[in-house]
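Visitor: Could you build all of it, start to finish, from the sequences and the hints given here?
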Amino acid sequence: MKRWDDRYSRGDNLSAEPHPLVAEFGSKLSPGCALDLACGVGRNAIALAALGWQVTAVDASRVAGEILLQRAQDAEVTVDFVLANLDAHQFEIEEEGWDLIVVCFYLQRDLFPVIRKGLKPGGVAIAVIALIDDDPEARPMNPDYLLQPGELRAQFEGLELLHDFEGKRPESGHKRAVAEIVARKRMVL
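Number 98 in the working numbering belongs to position 85 of the sequence shown; there are no gaps in the numbering.
Treat the hints loosely; a few may be bogus.
The calculated SDA-like cross-link candidates involving lysine to any residue, where the alpha carbons are at most 25 Å apart (straight line), are [stated by the list, open to error]:
id, residue 1, residue 2
1, Lys130, Glu89
2, Lys41, Gln103
3, Lys133, Ile145
4, Lys133, Cys46
5, Lys133, Glu170
6, Lys15, Asp93
7, Lys133, Arg189
8, Lys130, Ala167
9, Lys41, Gly180
10, Lys181, Gly163
11, Lys130, Leu174
12, Lys41, Arg199
13, Lys15, Asn155
14, Lys15, Arg75
15, Lys133, Asp93
16, Lys41, Arg182
17, Lys15, Lys133
18, Lys181, Leu34
19, Lys133, Pro33
20, Lys41, Phe169
21, Lys130, Glu37
22, Lys188, Phe178
23, Lys133, Ser43
24, Lys15, Gln83
25, Lys188, Pro162
26, Lys133, Asn155
27, Lys130, Phe104
28, Lys181, Tyr119
29, Lys41, Glu89
30, Lys130, Asp100
31, Lys130, Leu120
32, Lys133, Gln83
33, Lys133, Phe38
34, Lys133, Gly45
35, Lys130, Tyr158
36, Lys181, Glu37
Just the calculated beta-carbon pair ranges, DEER-fashion [unchecked claim]:
id, residue 1, residue 2, range
37, Met200, Pro156, 33 to 39 Å
38, Gln103, Glu79, 16 to 22 Å
39, Asn155, Glu89, 36 to 42 Å
FYI, nobody ran anything at the bench for these hints, they're computed from the structure.
Idealized CB from N, CA, C, for every residue including glycine.
Guide: See the structure below:
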(Lines of atoms letter the chains of each structure in order from A and count residues from 1; the text may use other names and numbers.)
(Lines give C-alpha, C1' and ligand atoms only; values in the text may rest on other atoms or scores of the structure.)
Protein backbone atom coordinates (compact mmCIF):
# COMPACT_ATOMS: atom_id res chain seq x y z
CA MET A 1 0.00 0.00 0.00
CA LYS A 2 2.33 2.64 -1.30
CA ARG A 3 -0.09 5.51 -0.62
CA TRP A 4 -0.21 4.68 3.11
CA ASP A 5 3.52 3.94 3.27
CA ASP A 6 4.14 7.40 1.80
CA ARG A 7 1.78 9.07 4.30
CA TYR A 8 3.42 7.39 7.28
CA SER A 9 6.91 8.13 5.90
CA ARG A 10 5.96 11.84 5.70
CA GLY A 11 4.84 11.78 9.33
CA ASP A 12 1.08 11.84 8.69
CA ASN A 13 -1.30 9.90 10.96
CA LEU A 14 1.31 9.25 13.66
CA SER A 15 -0.81 9.81 16.77
CA ALA A 16 0.38 7.73 19.71
CA GLU A 17 -2.69 8.30 21.88
CA PRO A 18 -5.24 5.48 21.82
CA HIS A 19 -8.82 6.26 20.91
CA PRO A 20 -10.64 7.14 24.18
CA LEU A 21 -13.12 4.26 23.76
CA VAL A 22 -10.30 1.76 23.36
CA ALA A 23 -8.52 3.15 26.42
CA GLU A 24 -11.74 3.13 28.48
CA PHE A 25 -13.06 -0.30 27.58
CA GLY A 26 -9.62 -1.90 27.24
CA SER A 27 -9.03 -1.09 30.90
CA LYS A 28 -12.52 -2.20 32.05
CA LEU A 29 -12.45 -5.61 30.38
CA SER A 30 -10.43 -8.61 31.52
CA PRO A 31 -7.42 -8.85 29.20
CA GLY A 32 -7.37 -11.67 26.69
CA CYS A 33 -6.71 -11.89 22.96
CA ALA A 34 -7.24 -8.63 21.06
CA LEU A 35 -7.25 -7.93 17.34
CA ASP A 36 -6.65 -4.40 16.00
CA LEU A 37 -7.71 -4.16 12.34
CA ALA A 38 -6.22 -1.48 10.08
CA CYS A 39 -4.07 -0.59 13.08
CA GLY A 40 -1.89 2.05 11.46
CA VAL A 41 1.06 2.86 13.70
CA GLY A 42 -0.49 0.95 16.59
CA ARG A 43 -1.85 3.59 18.93
CA ASN A 44 -4.63 1.25 20.08
CA ALA A 45 -2.61 -1.97 19.88
CA ILE A 46 0.20 -0.63 22.06
CA ALA A 47 -2.22 0.79 24.65
CA LEU A 48 -4.01 -2.56 24.87
CA ALA A 49 -0.73 -4.47 25.18
CA ALA A 50 0.26 -2.14 28.04
CA LEU A 51 -2.98 -3.16 29.76
CA GLY A 52 -2.05 -6.84 29.53
CA TRP A 53 -3.85 -7.82 26.32
CA GLN A 54 -2.23 -10.26 23.85
CA VAL A 55 -2.53 -8.13 20.72
CA THR A 56 -2.42 -8.95 17.04
CA ALA A 57 -2.35 -5.82 14.89
CA VAL A 58 -3.07 -5.95 11.15
CA ASP A 59 -2.31 -3.30 8.54
CA ALA A 60 -1.38 -3.12 4.86
CA SER A 61 1.39 -0.57 5.40
CA ARG A 62 4.90 -1.90 5.94
CA VAL A 63 6.02 1.54 7.17
CA ALA A 64 3.20 1.66 9.75
CA GLY A 65 4.24 -1.79 10.95
CA GLU A 66 7.84 -0.71 11.38
CA ILE A 67 6.76 2.34 13.40
CA LEU A 68 4.37 0.21 15.48
CA LEU A 69 7.04 -2.38 16.32
CA GLN A 70 9.55 0.33 17.30
CA ARG A 71 6.96 2.04 19.50
CA ALA A 72 6.02 -1.28 21.10
CA GLN A 73 9.68 -1.98 21.84
CA ASP A 74 10.09 1.52 23.32
CA ALA A 75 7.00 0.92 25.49
CA GLU A 76 8.36 -2.51 26.49
CA VAL A 77 5.25 -4.34 25.28
CA THR A 78 4.72 -7.09 22.72
CA VAL A 79 2.44 -6.68 19.73
CA ASP A 80 2.22 -9.27 16.95
CA PHE A 81 2.13 -7.25 13.72
CA VAL A 82 0.71 -8.86 10.58
CA LEU A 83 1.31 -7.16 7.23
CA ALA A 84 -1.86 -7.88 5.28
CA ASN A 85 -4.24 -6.06 2.99
CA LEU A 86 -7.71 -6.43 4.52
CA ASP A 87 -9.37 -5.24 1.29
CA ALA A 88 -7.75 -8.19 -0.50
CA HIS A 89 -8.80 -10.57 2.32
CA GLN A 90 -5.17 -11.43 3.11
CA PHE A 91 -5.94 -11.90 6.82
CA GLU A 92 -8.46 -14.42 8.11
CA ILE A 93 -10.27 -13.56 11.33
CA GLU A 94 -10.55 -16.78 13.29
CA GLU A 95 -14.13 -17.63 14.23
CA GLU A 96 -14.69 -17.14 17.98
CA GLY A 97 -10.96 -16.47 18.33
CA TRP A 98 -10.96 -13.00 19.92
CA ASP A 99 -11.96 -11.43 23.22
CA LEU A 100 -11.72 -7.95 21.68
CA ILE A 101 -11.73 -6.69 18.10
CA VAL A 102 -11.00 -3.04 17.38
CA VAL A 103 -11.46 -1.14 14.12
CA CYS A 104 -11.01 2.63 14.11
CA PHE A 105 -11.42 4.90 11.08
CA TYR A 106 -11.45 2.06 8.56
CA LEU A 107 -14.54 0.97 6.67
CA GLN A 108 -14.81 -2.33 4.87
CA ARG A 109 -18.43 -3.36 5.03
CA ASP A 110 -17.87 -7.06 4.38
CA LEU A 111 -15.74 -7.25 7.55
CA PHE A 112 -18.67 -6.61 9.91
CA PRO A 113 -20.15 -10.13 9.79
CA VAL A 114 -16.64 -11.58 10.06
CA ILE A 115 -15.92 -9.41 13.12
CA ARG A 116 -19.14 -10.62 14.74
CA LYS A 117 -18.21 -14.26 14.08
CA GLY A 118 -14.65 -13.62 15.24
CA LEU A 119 -15.74 -12.63 18.74
CA LYS A 120 -15.70 -15.27 21.45
CA PRO A 121 -18.92 -15.48 23.48
CA GLY A 122 -18.69 -12.47 25.80
CA GLY A 123 -16.18 -10.84 23.44
CA VAL A 124 -16.39 -7.14 22.61
CA ALA A 125 -16.11 -5.20 19.35
CA ILE A 126 -15.12 -1.53 19.35
CA ALA A 127 -15.72 0.34 16.10
CA VAL A 128 -15.27 4.04 15.33
CA ILE A 129 -15.95 4.99 11.72
CA ALA A 130 -16.58 8.26 9.88
CA LEU A 131 -20.15 9.16 8.91
CA ILE A 132 -21.61 10.90 5.90
CA ASP A 133 -21.44 14.56 6.93
CA ASP A 134 -22.69 17.62 5.05
CA ASP A 135 -20.72 20.03 7.26
CA PRO A 136 -18.55 22.18 4.97
CA GLU A 137 -15.81 22.08 7.65
CA ALA A 138 -15.47 18.29 7.21
CA ARG A 139 -12.82 17.44 4.65
CA PRO A 140 -14.17 15.76 1.51
CA MET A 141 -13.99 11.98 1.52
CA ASN A 142 -14.98 9.22 -0.84
CA PRO A 143 -18.55 8.33 0.24
CA ASP A 144 -17.66 4.62 -0.13
CA TYR A 145 -15.61 5.05 3.06
CA LEU A 146 -18.38 6.76 5.03
CA LEU A 147 -21.23 5.18 6.97
CA GLN A 148 -24.86 6.18 6.68
CA PRO A 149 -26.55 7.15 9.96
CA GLY A 150 -27.65 3.99 11.79
CA GLU A 151 -25.55 1.71 9.57
CA LEU A 152 -22.95 0.74 12.20
CA ARG A 153 -25.63 0.05 14.82
CA ALA A 154 -27.47 -2.18 12.35
CA GLN A 155 -24.28 -4.18 11.69
CA PHE A 156 -24.10 -5.11 15.38
CA GLU A 157 -27.81 -5.77 15.88
CA GLY A 158 -28.36 -8.63 18.32
CA LEU A 159 -25.22 -7.89 20.30
CA GLU A 160 -25.39 -6.11 23.65
CA LEU A 161 -24.61 -2.44 23.04
CA LEU A 162 -22.32 -1.07 25.75
CA HIS A 163 -21.83 2.22 23.90
CA ASP A 164 -23.59 3.71 20.88
CA PHE A 165 -22.97 7.23 19.58
CA GLU A 166 -23.32 9.12 16.32
CA GLY A 167 -22.21 12.71 15.97
CA LYS A 168 -19.25 15.03 16.31
CA ARG A 169 -16.59 14.78 18.97
CA PRO A 170 -14.98 18.25 18.97
CA GLU A 171 -12.42 17.13 21.55
CA SER A 172 -11.10 14.52 19.08
CA GLY A 173 -9.83 17.11 16.64
CA HIS A 174 -11.89 15.54 13.84
CA LYS A 175 -14.36 17.82 12.09
CA ARG A 176 -16.36 14.93 10.63
CA ALA A 177 -19.15 13.13 12.48
CA VAL A 178 -18.44 9.55 13.53
CA ALA A 179 -20.35 6.44 14.49
CA GLU A 180 -19.07 4.65 17.60
CA ILE A 181 -20.12 1.22 18.84
CA VAL A 182 -18.96 -0.96 21.68
CA ALA A 183 -20.87 -4.24 21.41
CA ARG A 184 -20.60 -7.50 23.35
CA LYS A 185 -21.38 -10.90 21.88
CA ARG A 186 -23.80 -12.67 24.16
CA MET A 187 -22.63 -15.64 26.17
CA VAL A 188 -23.95 -19.00 25.03
CA LEU A 189 -26.01 -20.67 27.75
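Visitor: Against the earlier hints, flag every one the structure doesn't satisfy and list their numbers going up.
Guide: 1, 2, 3, 7, 17, 26, 32
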